[in-house]
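These protein sequences, in sequence, are chains A and B.
Position one of the first sequence corresponds to residue 1 (my numbering), numbered consecutively onward.
Position one of the second sequence corresponds to residue 1 (my numbering), numbered consecutively onward.
Hints are computed from structural coordinates only; laboratory data are not their basis.
It cannot be assumed that every hint is accurate.
Simulated DEER-style distance windows between Cβ atoms [claimed, not checked]:
no., chain 1, residue 1, chain 2, residue 2, range
1, B, Thr38, A, Phe72, 25 to 31 Å
2, B, Ser70, A, Pro110, 49 to 55 Å
3, A, Glu56, B, Phe95, 23 to 29 Å
4, A, Asn22, B, Asn71, 23 to 29 Å
5, A, Pro110, B, Gly16, 47 to 53 Å
6, B, Ser51, A, Asp39, 18 to 24 Å
7, A, Asn22, B, Pro8, 35 to 41 Å
8, B, Thr38, A, Phe109, 33 to 39 Å
9, B, Gly84, A, Asp2, 21 to 27 Å
10, B, Phe60, A, Thr67, 40 to 46 Å
11, A, Gln107, B, Ile12, 45 to 51 Å
12, B, Arg96, A, Phe109, 24 to 30 Å
13, B, Gly28, A, Glu15, 38 to 44 Å
14, A, Glu58, B, Gln17, 44 to 50 Å
Each residue gets a CB set at the ideal place from its N, CA and C atoms; glycine is no exception.
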Amino acid sequence: EDQVTQSPEALRLQEGESSSLNCSYTVSGLRGLFWYRQDPGKGPEFLFTLYSAGEEKEKERLKATLTKKESFLHITAPKPEDSATYLCAVQATWNDKLIFGTGTRLQVFP
Amino acid sequence: KAGVTQTPRYLIKTRGQQVTLSCSPISGHRSVSWYQQTPGQGLQFLFEYFSETQRNKGNFPGRFSGRQFSNSRSEMNVSTLELGDSALYLCASSFRRTSTDTQYFGPGTRLTVL
Numbered sequence: 001e002d003q004v005t006q007s008p009e010a011l012r013l014q015e016g017e018s019s020s021l022n023c024s025y026t027v028s029g030l031r032g033l034f035w036y037r038q039d040p041g042k043g044p045e046f047l048f049t050l051y052s053a054g055e056e057k058e059k060e061r062l063k064a065t066l067t068k069k070e071s072f073l074h075i076t077a078p079k080p081e082d083s084a085t086y087l088c089a090v091q092a093t094w095n096d097k098l099i100f101g102t103g104t105r106l107q108v109f110p
Numbered sequence: 001k002a003g004v005t006q007t008p009r010y011l012i013k014t015r016g017q018q019v020t021l022s023c024s025p026i027s028g029h030r031s032v033s034w035y036q037q038t039p040g041q042g043l044q045f046l047f048e049y050f051s052e053t054q055r056n057k058g059n060f061p062g063r064f065s066g067r068q069f070s071n072s073r074s075e076m077n078v079s080t081l082e083l084g085d086s087a088l089y090l091c092a093s094s095f096r097r098t099s100t101d102t103q104y105f106g107p108g109t110r111l112t113v114l
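Produce the entire structure from the sequences given, and follow the hints as far as they go.
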């Protein structure tokens, strides 16, 4: 069964303290891995799509990487406005639906 | 370019009633997917429509149904509401379903069942 597990469930960081969020996945053929950011009461906001192992993408303080079993979202020198829930999802080659993890709730304190 | 819009944003219903939620995709997007988000289960796939046809369905009871119109707008309906149907219902659109297209989400409809 296709599955996505995110860790940690919650993360508290001091402003400027870099860290990484993990997304482990099991899927019968990966078409794509997606990272989204979700603020309370809002819909998920698209961040990155990764397609194959070894691929990396960056956007401001965020960098996403992908291996055959997991993806990392690295946050460098975070700011309070980076506080949100970060969601990881996979799309299998045999199915178009997104399978989501339960997310990592990130809080960045000044 | 306007994003995905969903109406209404908030809805309060009582058990046994039915509800219809609406989603307008990004202009040019032909695929619309629906998800249910709850604190306990996270985001779960309901169904996907492309060119007015349901192409994929999640593991939800038949009380959950949907449709898509020729202009790609989509509606989902939940009949005989139960307390457990209280959730944020999210709609996502993408350009086409034949490749790995990014799904862009709307703000959601918060449904509360009393």
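Evaluation of the provided hints:
no., hint, verdict
1, B:Thr38 / A:Phe72: 25 to 31 Å, "holds (27 Å)"
2, B:Ser70 / A:Pro110: 49 to 55 Å, "holds (51 Å)"
3, A:Glu56 / B:Phe95: 23 to 29 Å, "holds (24 Å)"
4, A:Asn22 / B:Asn71: 23 to 29 Å, "violated (41 Å)"
5, A:Pro110 / B:Gly16: 47 to 53 Å, "holds (48 Å)"
6, B:Ser51 / A:Asp39: 18 to 24 Å, "violated (32 Å)"
7, A:Asn22 / B:Pro8: 35 to 41 Å, "holds (37 Å)"
8, B:Thr38 / A:Phe109: 33 to 39 Å, "violated (28 Å)"
9, B:Gly84 / A:Asp2: 21 to 27 Å, "holds (24 Å)"
10, B:Phe60 / A:Thr67: 40 to 46 Å, "violated (32 Å)"
11, A:Gln107 / B:Ile12: 45 to 51 Å, "violated (30 Å)"
12, B:Arg96 / A:Phe109: 24 to 30 Å, "violated (42 Å)"
13, B:Gly28 / A:Glu15: 38 to 44 Å, "holds (40 Å)"
14, A:Glu58 / B:Gln17: 44 to 50 Å, "holds (47 Å)"
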